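**Q** Sequence:
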Amino acid sequence: MSEENVVYIGNKPVMNYVLAVVTQMNGGTTEVILKARGRAISRAVDVAEIVRNRFITDVDIGTIDICTEEILNNEGSSTNVSAIEIQLCKN
Numbered sequence: 001m002s003e004e005n006v007v008y009i010g011n012k013p014v015m016n017y018v019l020a021v022v023t024q025m026n027g028g029t030t031e032v033i034l035k036a037r038g039r040a041i042s043r044a045v046d047v048a049e050i051v052r053n054r055f056i057t058d059v060d061i062g063t064i065d066i067c068t069e070e071i072l073n074n075e076g077s078s079t080n081v082s083a084i085e086i087q088l089c090k091n
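All residue numbers for the sequence shown refer to UniProt numbering, where the first residue is 1 and numbers rise by one.
Just so you know, the hints here were simulated from the structure itself, not pulled from any lab data. Note that the coordinates shown come from a computational prediction; the quantities given were computed from them, not determined experimentally. Warning: the hint list may mix true and false statements.
[Unchecked claim] Here are the simulated EDC-like cross-link-like pairs (lysine to aspartate or glutamate), alpha carbons at most 20 angstroms apart as the crow flies:
#, residue 1, residue 2
1, Lys90, Glu49
2, Lys90, Glu75
3, Lys35, Glu49
4, Lys90, Glu69
5, Lys35, Glu85
6, Lys12, Asp60
7, Lys90, Asp65
8, Lys35, Glu3
9, Lys90, Asp58
10, Lys35, Glu75
11, Lys90, Asp46
12, Lys12, Glu70
13, Lys12, Asp46
14, Lys35, Glu70
15, Lys12, Glu85
16, Lys90, Glu4
17, Lys12, Glu49
18, Lys35, Asp60
19, Lys12, Asp58
20, Lys90, Glu70
Just need the whole structure built from these sequences, with the hints factored in.
**A** Have a look at this one:
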């Protein structure tokens, strides 16, 4: 899996990420991975469902990986943040 097939979900509007996924799928990519952490996890799920239900109906959800990542604060202490990876596969 090359790094160009990964869409990192952040604070932008959902449709920006949907457009990124649809552009990659229409460009010939058969697999895109959505990666999100923390509060952006719900936005990643929204992106996957909008792509699957409205734009490209032959996209299936592959594997979904969830994990906890440890992040260092500005003060030097560490906090745990949930993360998710959603694999979208085109038939």
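**Q** Identify every previously stated hint that the structure contradicts and give their numbers, smallest first.
**A** Hints 2, 4, 6, 10, 12, 19, 20 not satisfied by this model.
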